[in-house]
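Protein sequence lines correspond, in order, to chains A and B.
Position one of the first sequence corresponds to residue 1 (this note's numbering), numbered consecutively onward.
Position one of the second sequence corresponds to residue 1 (this note's numbering), numbered consecutively onward.
Note that these hints are calculated values from the structure, not bench results.
Being a predicted model, the structure only gives us computed values, none of them experimental.
Glycine included, every Cβ here is placed at the ideal spot set by N, Cα and C.
A portion of the hints provided could be inaccurate.
What the hints assert, rightly or not - Label-pair ranges, simulated between beta-carbon atoms:
hint	chain 1	residue 1	chain 2	residue 2	range
1	A	S67	B	E15	26 to 36 Å
2	A	S69	B	T82	36 to 46 Å
3	A	L79	B	E15	41 to 51 Å
4	B	A68	A	Q17	39 to 49 Å
5	B	V84	A	D38	38 to 48 Å
6	A	R106	B	I93	22 to 32 Å
7	B	V84	A	M27	21 to 31 Å
8	A	V88	B	K56	21 to 31 Å
Unchecked claim - Below are the EDC-like pairs computed for lysine to aspartate or glutamate, each with C-alpha atoms no more than 16 Å apart in a straight line:
hint	chain 1	residue 1	chain 2	residue 2
9	B	K59	B	D18
10	B	K36	B	D83
11	B	K36	A	E98
12	B	K56	B	E17
13	B	K36	A	E103
14	B	K51	B	E67
To be verified - Partial list, computed: chain A residues near chain B (C-beta under 10 Å):
hint	residue
15	F10
16	Y64
17	F101
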Amino acid sequence: NAGVTQTPKFQVLKTGQSMTLQCAQDMNHEYMSWYRQDPGMGLRLIHYSVGAGITDQGEVPNGYNVSRSTTEDFPLRLLSAAPSQTSVYFCASSYGGELFFGEGSRLTVL
Amino acid sequence: GQQVMQIPQYQHVQEGEDFTTYCNSSTTLSNIQWYKQRPGGHPVFLIQLVKSGEVKKQKRLTFQFGEAKKNSSLHITATQTTDVGTYFCAGLITNMLTFGGGTRLMVKP
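Given the sequences, and given the hints that come with them, work out the whole structure.
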């Protein structure tokens, strides 16, 4: 099993550009989430989903959109990138207990 | 603001010394989880505590959940260089797993 797969691993954007971070899991987990990690801030929850067709906002949702059309996929969209969105992004899934994290996507917005 | 606070932010220890990180929440938690993140890596689950006053051990690691389910601690006995990393607590608050800021542990050999 691949677990949680995130792509791309690295991305550089210019301010105002849009992009999608992909996340896929093959463990049939209902719960999926996106976190961003900034130095000294820990991991902050952006959006989460408790199942296909259901999404909800986390602590820092502004500037990000998500959708959950299938159990396996949970893409994170940046509509108009800003330098404040420079961060490491982690996708995670869960069967109801522990979170399984992807390897992370490092995003730089210039 | 951040609902789950963790202290200290950093800790340097000599190999063989003990280490403790503390986690406090402003609200009652359904459960608390602990994760370890090695430098350059992703968080990896260590344990989950659910019951008030619960204590669990994993070899040299001891985890506690407070009676009021608002605080928790992780204690490492006789640290080793392999313990290096950042330790995060995460509390479940209404379907959202909220992470503390983490404690970065550095171990001098």
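Outcome of the hint check:
Between A/S67 and B/E15 the C-beta distance comes to about 48 Å, which lies outside the given range of 26 to 36 Å. Our hint of 36 to 46 Å for A/S69 and B/T82 holds, since their Cβ atoms are close to 42 Å apart. Roughly 48 Å separates the CB atoms of A/L79 and B/E15, a value that falls within the hinted 41 to 51 Å. The supplied range of 39 to 49 Å is met by B/A68 and A/Q17, whose beta-carbon atoms lie about 47 Å from each other.
The hint said 38 to 48 Å for the Cβ distance between B/V84 and A/D38, and at roughly 21 Å that hint is violated. Checked against the hint of 22 to 32 Å, the pair A/R106 and B/I93 passes, with Cβ atoms roughly 28 Å apart. A beta carbon spacing of about 29 Å between B/V84 and A/M27 agrees with the range 21 to 31 Å that was offered as a hint. A hinted range of 21 to 31 Å holds for the C-beta pair A/V88 and B/K56, which are about 29 Å apart.
In summary, the hint linking B/K59 to B/D18 is supported, as the alpha carbons are separated by about 13 Å, within the 16 Å threshold. A threshold of 16 Å between alpha carbons decides the hint, and for B/K36 with B/D83 the separation of about 9 Å falls inside it, so the pair holds. A distance of roughly 12 Å separates the Cα atoms of B/K36 and A/E98; the hinted pair therefore holds under the 16 Å criterion. Under the criterion of a C-alpha separation no larger than 16 Å, the hint pairing B/K56 with B/E17 is inconsistent with the structure, at around 20 Å.
Taking the CA atoms of B/K36 and A/E103, the gap is about 14 Å. The hint holds against a cut of 16 Å. Of the supplied pair hints, the one linking B/K51 and B/E67 holds, its CA atoms being roughly 8 Å apart against a limit of 16 Å. The interface hint given for A/F10 is violated, since its Cβ lies 13 Å from the closest Cβ of chain B, which is over the 10 Å cut-off. With a least beta-carbon distance of about 15 Å to chain B, the hint placing A/Y64 at the interface is violated under the 10 Å criterion.
With its C-beta approaching chain B no nearer than about 4 Å, A/F101 sits inside the 10 Å limit, and its interface hint holds.
Hint compliance for this structure: hints 1, 5, 12, 15 and 16 are not met, and every other hint is.
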